[in-house]
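Assemble the whole structure, with the sequences as input and the hints as a guide.
The sequence shown begins at 8 in the numbering used here and counts up by one.
Everything labelled a hint here was simulated from the structure, so no lab data went into it.
This one's a predicted model, so the numbers in the text were calculated from it and none came from an experiment.
No false leads were slipped in.
Restricting the straight-line Cα-Cα distance to at most 20 Å, the calculated cross-link-like pairs of lysine to any residue (SDA-like) are:
no., residue 1, residue 2
1, K85, C95
2, K78, S142
3, K272, M239
4, K269, E226
5, K257, L237
6, K232, P293
7, K310, G294
8, K65, N92
9, K232, D322
10, K140, I62
11, K140, D72
12, K35, D107
13, K266, G238
14, K257, G195
15, K253, Y274
DEER-style ranges, computed between Cβ atoms:
no., residue 1, residue 2, range
16, T325, R86, 39 to 49 Å
17, K159, E289, 26 to 36 Å
18, E289, K35, 39 to 49 Å
19, Q32, T328, 34 to 44 Å
20, Y181, C43, 30 to 40 Å
The beta-carbon is built from N, C-alpha and C at its ideal position, and this holds for glycine as well.
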Amino acid sequence: MKIMELASKTGIAKSVLTFSYVCPQVVKAFDHDEQCHVAIKIIKNKKPFLNQAQIEVKLLEMMNDADADNKFYIVKLKRHFMWRNHLCLVFELLSYNLYDLLRNTNFRGVSLNLTRKFAQQLCTALLFLSTPKLSIIHCDLKPENILLCNPKRSAIKIVDFGSSCQLGQRIYQYIQSRFYRSPEVLLGIPYDLAIDMWSLGCILVEMHTGEPLFSGANEVDQMNKIVEVLGMPPRHILDQAHKARKYFDKLPDGSYVLKKPKDGKRYRNPGSRRLSDIVGVEAGGPGGRRAGEPGHSVSDYLKFRDLVLRMLDYDPKTRVTPFYALQHNFFKRTADEATNTSHSASPALEPPLPQPSSSGGQADVLPAQFVTR
Numbered sequence: 008m009k010i011m012e013l014a015s016k017t018g019i020a021k022s023v024l025t026f027s028y029v030c031p032q033v034v035k036a037f038d039h040d041e042q043c044h045v046a047i048k049i050i051k052n053k054k055p056f057l058n059q060a061q062i063e064v065k066l067l068e069m070m071n072d073a074d075a076d077n078k079f080y081i082v083k084l085k086r087h088f089m090w091r092n093h094l095c096l097v098f099e100l101l102s103y104n105l106y107d108l109l110r111n112t113n114f115r116g117v118s119l120n121l122t123r124k125f126a127q128q129l130c131t132a133l134l135f136l137s138t139p140k141l142s143i144i145h146c147d148l149k150p151e152n153i154l155l156c157n158p159k160r161s162a163i164k165i166v167d168f169g170s171s172c173q174l175g176q177r178i179y180q181y182i183q184s185r186f187y188r189s190p191e192v193l194l195g196i197p198y199d200l201a202i203d204m205w206s207l208g209c210i211l212v213e214m215h216t217g218e219p220l221f222s223g224a225n226e227v228d229q230m231n232k233i234v235e236v237l238g239m240p241p242r243h244i245l246d247q248a249h250k251a252r253k254y255f256d257k258l259p260d261g262s263y264v265l266k267k268p269k270d271g272k273r274y275r276n277p278g279s280r281r282l283s284d285i286v287g288v289e290a291g292g293p294g295g296r297r298a299g300e301p302g303h304s305v306s307d308y309l310k311f312r313d314l315v316l317r318m319l320d321y322d323p324k325t326r327v328t329p330f331y332a333l334q335h336n337f338f339k340r341t342a343d344e345a346t347n348t349s350h351s352a353s354p355a356l357e358p359p360l361p362q363p364s365s366s367g368g369q370a371d372v373l374p375a376q377f378v379t380r
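Written out as structure tokens, the structure is:
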């Protein structure tokens, strides 16, 4: 369907969100052929944006073809066309994003149970992207790029593959939004699919606490905030990083120390801002807000912390993979975890956990948590 036909039949109903700088405008429209609302992403009519969008279309078509049953939490591209030298991508219409959800909680975060449901779906999506025939790196995983399918349910989909690439075809040097940027990207080390797992670890903490885990104002501030929580990166990582000197000084004995900030900003000692304290392992959750709630025991929090720390491993070679993340105890249900809870910070988004898939295809070689919806 041409956009002029679409506009003449319905009008492009309204703008639903506007992306910044390299990102295009997305409008909501009604498709009379299929009798459904759609989201149309209109690409700027400049060659760099067109080239980038053509790569996005190729990757989306690959993913959608490999996910014919629509069970791996990736947005569906329905079709694409040219209009007045603009490439237009027609997507299924989804609901609001996870940042909007956090805003609706007044940035107090959602329950650990809901965080688990998001985590399971996102690990499943990353496992799907890691299959050999895809090997796709999203490169910009963040709450704004994860959308609810329905505002009253916990099903989500990943969107915006405009910065994405396949393994071995990395084309962008500056990738990942700063708060979710992996150490290897900050340090200028060749990156792979593991950068998305780092982003996911950051996202999960933010979804539960309501605040970004590492909220750097610039790359140097970002690295310092990471070191406050995780301690110093291993020497073998820094030895191979051509941007290590941007953040660290190397001592005569071969060890590294953080550079003194030029702006005089003071940071806590490396590793002294513990993740246990951030998520409130022994304090009833962030700020003690979850004390006494089913599904928020010390045991639950210890499992959550352990999974996140595995996602935030400095070394991408030992960082947890989607396959093993899905087998983590955080996703093992106990009587307490199975309790369906309701909390004002989790607006009507607490359906039961999805059940394991019994379908064919990829599922027979994946862990039980590789679910359908």
